[in-house]
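Sequences and hints are given; from them, build the entire structure.
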Amino acid sequence: MVEASFLFGQFLGGLTTAMFLFLIASGLSLVFGVMRVLNFAHGSFYMLGAYIAWQVVQWVAPTPHRFWLAALAAAVGVALLGAIIERLLLRHLYGREELYQLLFTYALVLILGDAAKAVWGTGQLSVSRPPILSGGLELFGTTLPTYNLFIMLIGPAIAVAVWLVLTRSAAGRMVRAAALDREMLGALGANVGAIYTGMFCVSSFLAGLSGALVTPIESIVPGMDVEIIVEAFIVVVIGGLGSFWGTFWGSVIYGQVLSFGILVFPSFSIFSVFALMAVILIIRPWGLFGRPIR
Amino acid sequence: MRWRGTPWYSRFPWMLVVFVAAFMVPWLGSRYDTFLGTQIAIDALFAVSLNLLLGTTGLVSFGHVAYFGIGAYVCGILMKTYGMPFALALPAAALGAAAFALVFGFFCVRLTKIYFAMLTLAFSQIVWAVCFKWNDVTGGDQGLPDVPYPALDWMSAIPGFDNLRIADQFYLLTLVVVVLSLAAIRRIVASPFGRMLTAIRENPERAAFIGVDVRTYELAVFVLAGGFAGIAGALFGIFNRGVFADYVYWPKSAEVMIMTILGGIEYFWGPVVGAATLVLLNQQITSYTEYWPFVLGVILLVLLFVFPGGIVGGIAAGLARFGNRNGRRVSA
Chain A
1 MVEASFLFGQ FLGGLTTAMF LFLIASGLSL VFGVMRVLNF AHGSFYMLGA YIAWQVVQWV
61 APTPHRFWLA ALAAAVGVAL LGAIIERLLL RHLYGREELY QLLFTYALVL ILGDAAKAVW
121 GTGQLSVSRP PILSGGLELF GTTLPTYNLF IMLIGPAIAV AVWLVLTRSA AGRMVRAAAL
181 DREMLGALGA NVGAIYTGMF CVSSFLAGLS GALVTPIESI VPGMDVEIIV EAFIVVVIGG
241 LGSFWGTFWG SVIYGQVLSF GILVFPSFSI FSVFALMAVI LIIRPWGLFG RPIR
Chain B
1 MRWRGTPWYS RFPWMLVVFV AAFMVPWLGS RYDTFLGTQI AIDALFAVSL NLLLGTTGLV
61 SFGHVAYFGI GAYVCGILMK TYGMPFALAL PAAALGAAAF ALVFGFFCVR LTKIYFAMLT
121 LAFSQIVWAV CFKWNDVTGG DQGLPDVPYP ALDWMSAIPG FDNLRIADQF YLLTLVVVVL
181 SLAAIRRIVA SPFGRMLTAI RENPERAAFI GVDVRTYELA VFVLAGGFAG IAGALFGIFN
241 RGVFADYVYW PKSAEVMIMT ILGGIEYFWG PVVGAATLVL LNQQITSYTE YWPFVLGVIL
301 LVLLFVFPGG IVGGIAAGLA RFGNRNGRRV SA
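From first to last, the protein sequence lines are chains A and B. The numbering used here puts the first residue of the first sequence at 1, with every later residue one more than the last. The numbering used here puts the first residue of the second sequence at 1, with every later residue one more than the last.
Because the hints were derived from the structure by calculation, they are not lab data. For glycine and all other residues, C-beta sits at the position ideal for the given N, C-alpha and C. Some hints here could point you the wrong way.
Far from chain A by the CB rule (all over 12 Å, computed), these chain B residues [stated by the list, open to error]:
| id | residue |
| --- | --- |
| 1 | P13 |
| 2 | I114 |
| 3 | Q169 |
| 4 | V189 |
| 5 | A207 |
| 6 | N240 |
| 7 | S253 |
| 8 | Q284 |
| 9 | G297 |
| 10 | F322 |
Residues from chain A that face chain B, not an exhaustive set, calculated with beta carbons under 7 Å [unchecked claim]:
| id | residue |
| --- | --- |
| 11 | L110 |
| 12 | D114 |
| 13 | I282 |
| 14 | I283 |
Right under this line is the structure:
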């Protein structure tokens, strides 16, 4: 019989992974939901966020708050980059086939990945946890690092915030309208282009922020971009492409499957999540919470 | 007919010339030329097999590398672990890849567009995860090094072939296998079956409406494309002296897609041109800088924004313009 505290530890580990992935995948899901663009470069934005955060930490004198400053700088920097890319390039591809949009975002993956290598090298970099979150918490016999708790709370906080903005604000109403029928909204006089730019900007912001927040847990290495994007895809597909809450629950499921899959198939835990994605795509291609689209 | 009234340069058997020239490389070129030639031939077959889906049928598969990798592993395992001759291992690799394509494709063709792309990606990542972790069979992250060359001693018995190195002999073998495969694919594309695939690409609803079983056609071409990718993979595993899990990692799928589109998906030989261009460019650029992916990304951007038809598409447009200026009628 496995001890309950051990299982609880696995559960918490899975939940941390889940909330973390949610931070990343939410941006991906928003852009797909509104713009119908599957953004491979989302992982690259995440990686850039991590590198920028590291860079800012190096520049700023060691004060207790420099981590937060770094995270903010990373998120804003990546958001700006996202807005520029959308305005200058991506915008011209909306009318084209999906294949071209996919390949465009893949071109960004190649370019940004190499650019990061050129600037920051190929070594492993890391950032220490902010002092205020460096402790641990005893919970039912397992120790939970405070930082993980913070991640677990920030995931739902962002989910609720985005949901409130989408459902309760005027801007959110415009975004939902753009997702439903872009041409109609344009015909009614709304500036659809600005909505798209804003959406891409917000999505990049979330990617940059999650990249910065990962730095205390995992080291920053080249290749983290292509690794994370597939995981984020899985989460988004499980929950339903374009469904925001779907992405949330998709992350939770992903985290738990990964965490408990390790116990069942020690070396095939990655396999279990890919298999989960395939099964869901086969049974419900539009995901657990999505709606079929034509 | 498409070719009636077309100028001589369109009717000239360019591909025969290219094939004869390619066949002479071991005698006329350096060891390095042979090396590049082998790589181009293999990539060309891989890209053309993808184009069966992409250009001919209009299916965007983001997991085509799975079948390439399965072919490489099947051939590598049979030849290295079981000592099977190449003449049996190659068909086995093609059949193995096609069998997996049949199983995965069965589910994939139920979906359309972005969902199809995602599911093919998911399956290719499953294949990657298994190859990466299944140490006993695939060698896991260590891979499967030292896949032997096929026994090609018989080739030395042919007059004129006796001074060739084993790499040259393997190049000739690769070339023959690739050319035969390309000829087969060309026949498939030009057959009524191939025409039906194009009808499906143009308008799946209408094709279904006139009684075409769209899913079965899509599955059939998915299996064929997988089988040919498996042949390319088998050759690549031997050429590269080993099979590694990296072959199946998803960015490889994107790479072959870039080759295909760089050449031009609307033309049968487009992917071949794309593969040759990319291999040669890679070799040129990596001698100047280690940032090849950066250059590749920029090439891709230029391609998307400036030459969406690819190289062959660009040339065809140029020739059409040239023909117009000379007062000739240009067929579409």
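State the violated hints by number, sorted upward, taking the hints as numbered earlier in the document. 2, 7, 9, 14
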